[in-house]
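Enquirer: Take the sequence shown: its position 257, counting from 1, is numbered 242 in the numbering used here, and each next residue is one higher.
Since the hints were derived computationally from the structure, they do not count as laboratory data. This one's a predicted model, so the numbers in the text were calculated from it and none came from an experiment. There's no promise every hint is true.
Pair ranges (Cβ atoms, derived) [as the list claims (entries may be wrong)]:
#, residue 1, residue 2, range
1, Lys285, Gly155, 44 to 52 Å
2, Thr72, Phe186, 41 to 49 Å
3, Gln284, Leu85, 30 to 38 Å
4, Asp44, Gln284, 21 to 29 Å
5, Ala227, Val156, 57 to 65 Å
6, Val322, Ala169, 44 to 52 Å
7, Leu45, Ala169, 13 to 21 Å
8, Asn131, Gly328, 37 to 45 Å
For glycine and all other residues, C-beta sits at the position ideal for the given N, C-alpha and C.
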Amino acid sequence: MSSRLARNLLIGLVAGILLLGSFSGGVLVGWTLPKSAGSSTPLATIEQSATQVTGTSEDLATTFKPFWETWDLVHSMYVDQPVDDLTLMRGAINGMLQSLGDPHTSYMTPQEYTDANTTLEGEYEGIGAIVDITGDYLKIVSPMPNSPAEKAGIKTGDLIIAVDGQDMTGVDGELVLQKVKGPAGTQVVLTIKREGTENSFDVTVTRAKITQSSVTYRMLDSGVAYIALSTFGDKTTQDLKAALKDLLAQEPKGLILDLRYNGGGYLETAVEVTSQFIDTGNVLIEAYGDGTQKEYKAQKGGLALDIPMVVLVNEGSASASEITAGALQDSGRAKLVGVTTYG
């Protein structure tokens, strides 16, 4: 492939991915996903911004010269030809983001974005666990309640070091995740390394169709209302409102909001959930590298603005959970009970 053709192809591939994909604070944990990919940044905007920051197009050409020289060398001299341009491009993007030293900044392909959204819609096939793919190994943030992962004894913090006997050392986390997922009824053997244990061990998990409501609730014998959120998904807000209406009609003395093992979800849902308990001030403020900020204000119409409440958190509470818990704590609306959260 000629250098010129490679450059044109790469630009086309990047444009497609950046228009369809999404940059996010984490992939499958640290979720603060937008509800659509429409907020992604087009390539032209990135090029314009880079020129403004870095200088002229000639400066950029000089900066990227080693990259293109390496690109050409790979295509002309690498022993296993042909080389897949899409794989090279995604590897370059991932390497660029990894150089920032922030494990919660990563790139999502269109398929990864679709998979994450499918999970948040509450129905998919797999082992039923929230995972972190940003480290050296796939890490279990939390097995979902009554899931195959939980029934098999998988625990928060477990590292998956092999799948069906294949060593996953150095394998991209998304590729490991694809090996773990699969059709309902099939089995996968996961080799687990658990903190506090000297030797790794195998766990056989039978995959299943995971269908779950992100909201469970009940009235405790003490007269305190209890609500647990497992994710911040598509239907979480409407299910939470229904739960609050039912519980508040029973005139509880207080409310427990349980965010333990909640690995996150949609940013918009985090704002909506928080707004059920506060109706003034900011839920969060996003700060951008150019110095600008975006405020996410609490919305009016919350159903539980006055009832005394506490929020339960633990090491499996991540991202959107931390946004809600932090906003309720900082506003003085609720006390946090538990241990240090994931982030």
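Enquirer: Next, verify each hint and record whether it holds.
Expert: Now the hints, each set against the structure:
1. Lys285 - Gly155: 44 to 52 Å: Holds - the Cβ-Cβ distance for Lys285 and Gly155, about 50 Å, lies within 44 to 52 Å.
2. Thr72 - Phe186: 41 to 49 Å: violated (33 Å)
3. Gln284 - Leu85: 30 to 38 Å: Roughly 32 Å apart at Cβ, these two residues keep to the hinted range, so it holds.
4. Asp44 - Gln284: 21 to 29 Å: violated (45 Å)
5. Ala227 - Val156: 57 to 65 Å: violated (42 Å)
6. Val322 - Ala169: 44 to 52 Å: Violated - the Cβ-Cβ distance for Val322 and Ala169, about 36 Å, lies outside 44 to 52 Å.
7. Leu45 - Ala169: 13 to 21 Å: violated (49 Å)
8. Asn131 - Gly328: 37 to 45 Å: Given about 26 Å between the Cβ atoms, the range is violated.
Hint violations for this structure: numbers 2, 4, 5, 6, 7, 8, all remaining hints satisfied.
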